[in-house]
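J.: For the protein sequence lines, the chains are A and B, in the order given. Residue numbers for the first sequence follow our numbering, so the first one is 1 and each next one is one higher. Residue numbers for the second sequence follow our numbering, so the first one is 1001 and each next one is one higher.
The hints are simulated quantities; they were obtained by calculation from the structure and are not laboratory data. One should not assume that every hint holds.
Some but not every residue of chain A turned toward chain B, in silico, with C-beta under 7 Å [unchecked claim]:
1. Glu26
2. Arg34
3. Pro42
4. Asn83
5. Ile87
6. Arg100
7. Ala137
8. Asn138
9. Leu146
10. Leu163
11. Glu166
12. Val167
13. Arg168
With a straight-line Cα cutoff of 30 Å, these simulated DSSO-like cross-link-like pairs (lysine-lysine) come out [as the list claims (entries may be wrong)]:
14. Lys162(A) - Lys40(A)
15. Lys1220(B) - Lys1176(B)
16. Lys1628(B) - Lys162(A)
17. Lys1370(B) - Lys1176(B)
18. Lys162(A) - Lys1370(B)
19. Lys162(A) - Lys150(A)
20. Lys150(A) - Lys1303(B)
21. Lys1370(B) - Lys1391(B)
22. Lys1068(B) - Lys1533(B)
23. Lys1068(B) - Lys1176(B)
24. Lys40(A) - Lys1176(B)
25. Lys1068(B) - Lys162(A)
26. Lys1303(B) - Lys40(A)
27. Lys150(A) - Lys1176(B)
From the three backbone atoms N, C-alpha and C, an ideal C-beta is built for every residue, glycine too.
What follows is each chain in one-letter form.
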Amino acid sequence: MIKHLVALCLLLFAGEGKAQSLSENELKAAFLYRFSQFSKWPPPPPDKLRFCVVGNPELYQAVTSLLHAQDMDDDTEVIELPNNEQISRCDILFLSQQNRQQTQYWLEDLEQSPVLVVSDTSEGFRQGAMIGLIADANNLSFRVNLTDAKRRGLNFSAHLLKLATEVR
Amino acid sequence: MKQRYLIAGLMGVLSLSVQAKNDPLPDLEDLLSQQLNQLPSNTQISAGSRIERSSSDSMAVTHVITDKDIRQFNLQSLADILTMFVGITTRDNSSFIYLGARGIGRPGDFNSRFLFLLDGTRMNENLLDAGLLGYENFVDVGLIERVEYSPGASAALYGNNALLGVINIVTKTSSKLRGLNTALSVTNDDTQHGRVTVGMRSDSGADSWLSLSGSRLRSKDFPVPGAPAELLVWQDLNKESSSRIMLSHQTGSLQLQAAASRRQRSFPDGFSVLFSGGAEQAAPELETLDNEAYFLALTFDDKISDDMEAYFHVSTHGNDLVRSVPLTLQSGEVEFVRPMNSGRWSNLDGQLVFLGVENHELMVGVDFQKDHRQEFSSRSSLPSQFNFEQKSNESRYGLYFQDLWRITPRFKLQWALRHDDSDFSPARWSPSFTLKYSFLEGHHLLLRHSRAFRVANFLERNANSVFSEPNPQNETIDYNELSLVQRWSDSLSSFATFYYADINNLIHQDFFRPIYFNPPPIRSHGFEFGMDKRWSRGMSLITNLAIQRSRLQGGFGIANSPEFIGKMRFSMPLGNSDLTLSLNTYGVSKRRTFDSHLPGYVSHDISLNWQNNPDLFVALGVRNITDKDILEITDDGFTPYLQRRRQVHLSVNWSWNND
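So here's chain A without its partners, still in its complex pose:
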């Protein structure tokens, strides 16, 4: 009986290694990187992709680490924005944990610039982010505002649109 229990415990313990266990911010960083791969900027394409992160230092760290691990240091730059003064430098802007009016603040000077705006709140998505990367209790999923993206000259691959929970 004890043997079986020990074996069962080890079996359960072994389960830890099964899933590649990413933290929420590591997972968001991975999504962000994949979004950049499935997005197309208007010509001329940016020579160096600038990832800007707002409101989440841990996400900034996770994006920096991920791009380093992917050997993308020369082709990319990660910027943590304290305010919206440098926003025109961004190619990808991740607004983390921002409500409706905070999102408005970040986007007010962006006008029609081709910046891929990603938000991890539904408020941010509704207020102008082109991709809403929203969590439920168990997973992350994303919604796409294709109309807004096209207005800014951005486009997404069919694969990304297919996997989105919702396309507007």
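Position chain B against the provided structure of chain A, taking the given hints into account.
T.: For chain B alone, kept in the frame of chain A given last:
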């Protein structure tokens, strides 16, 4: 020997962890299926504020059951889902499933004290304001993305029926229903259920799906303990079947939804079985129920300017319930009486969210419901009191305003005020105030006061008018709540709510005549607590406890009001085997009935799930594993009904996608 097991286990762990470190970055599809082994910092909810908000920004405690929970615990109906929520109990008399919460589970209320929404569309029907929880509900559980439950009085936003809570069902999109999606489940007591869904996403992003599903319960156990042998002989005549169709098409800001359902229920007439008199029993007469319902809804939801979001909704609904009841006459002949409830109604809603005032999120909205038809009728070939027809129609209006004021980053105030009016009820105002103080990152204190009402429905008005009794007065509730929502770490969160409510005029059916009256005021208070714990291996434990006490003025207890309701659900992956073990435990303390008490009980469910790719999911489980006798009273009679008997179930979900 033990060492050998230990060494083998450690080797396994090491090799797997090395493998994990060398994994390349997952592709987008794999990222979507990655389970969050920690609690997300924010989720999206809408039931609490009638607008999409992040959970950390929400001004109401809202509980959520997701599609993963539904599959993992093999939940078969909306009633099964709602039973997972804190403080909720269900009672099934095999014809209708009743809901109770916050110490209120009045017999025969048809769930009219909860507001039911389907993707924001109001779903309570227009005769009894009933909420349907069984197979008669439009939505097959396989189509549900999540169910949100926001307990407490919410009439300041939603108006009528949002007395004890708001339940919002959010359906999936073709991202999860793409291609061909099928589900089949069978149980040991001859219940079969099947669903076929076809979904597609066009290149432009338009999203469409169509779903057909059907269920058949071929030989239902009689729900009454100690059913006589003469009746048990005819158990195969006690059956139910249902079918549902639902479609959704979304393009840009517009969404079209349509659904129809039919439920047929038949069972042997007790009188003709027990009093047939013949030595050789002929097949008894059958009593039947036939419920048909439909709805069609169109919604627009988008940002219309830099400062404004808009939501418009129009829908039309129908619900017909026809019963066929055999009556054995003195001559021995059998006559069938066919009572029918028929409702047709339409809803028109609009809502604007304005962000133009600094630190304020303003919302104004209107609701209009036109009841084109409210009809009770009965047909019989005999000229008697069984032939009647009562018809009505009604218009109901609501206008509401809400302001969320972010006074400081840590301190918010939300207030709302709604005015309602309708043809058969005086105008009413429903206010609501909520203060939220975030004293630490992830730790929120909410203080809420609100008032809500329920207007006497067509059944209650009509029954009283037949007996020349005045209409019962509208129910009202003064509701106060103090909640603490805390996220202790990435893996542990908790909530605690203390509520106190004064309920006036709770409408109740008279024991001696089929009329409705207002009993003395009820004072209800209680405490709800819950926690959610995750472990990195994908193991999770969710527990909740409700302690509640509801008393009539004078200190008399009320029926169907258990003082303790505890729930616990636990799941864990079994090693590297693609198997997950899920346990669900549910306990309710003793409840008072009209003349006695029903015993408390604890029931356990177990489920073993297997999924080795996103397209195939198999679940095998046992409900009420100890076959505990669970008894509930659903009406003012003395007969308790047996609930949730032991059931072995097997479900298979399979998807085929050619892109």
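J.: Holds or violated: the hint that asparagine 138(A) contacts chain B, with Cβ atoms closer than 7 Å.
T.: holds (5 Å)
J.: Straight-line Cα separation of lysine 150(A) and lysine 1303(B) no greater than 30 Å?
T.: holds (16 Å)
J.: With 7 Å as the cut and Cβ atoms as the points, is glutamate 166(A) at the interface with chain B?
T.: Holds, about 6 Å.
J.: Given arginine 100(A) as an interface hint, is its Cβ closer than 7 Å to any Cβ of chain B?
T.: Holds. Min distance 6 Å.
J.: Given asparagine 83(A) as an interface hint, is its Cβ closer than 7 Å to any Cβ of chain B?
T.: violated (16 Å)
J.: Can you confirm whether the C-alpha distance between lysine 150(A) and lysine 1176(B) stays at or below 30 Å?
T.: Holds, at about 25 Å.
J.: Decide if the proposed pair is consistent with the structure: lysine 162(A) and lysine 150(A), CA atoms, cutoff 30 Å inclusive.
T.: Judged against 30 Å, a Cα distance of about 17 Å means the pair holds.
J.: Next pair to validate is lysine 1068(B) with lysine 1533(B); report whether the Cα-Cα distance is within 30 Å.
T.: holds (16 Å)
J.: Hint validation: glutamate 26(A) versus chain B, beta carbon distance must be below 7 Å. Holds or violated?
T.: violated (10 Å)
J.: Would the pair lysine 1068(B) and lysine 162(A) pass a check requiring their Cα atoms to be no farther apart than 30 Å?
T.: With Cα atoms ~21 Å apart, lysine 1068(B) and lysine 162(A) stay inside 30 Å; holds.
J.: Given a cut of 7 Å on the nearest C-beta pair, is the interface hint for proline 42(A) held or broken against chain B?
T.: violated (19 Å)
J.: Next pair to validate is lysine 1068(B) with lysine 1176(B); report whether the Cα-Cα distance is within 30 Å.
T.: holds (12 Å)
Hints 1, 3, 4, 5, 15, 16, 17 and 18 from the earlier list are contradicted by this structure; the remaining hints agree with it.
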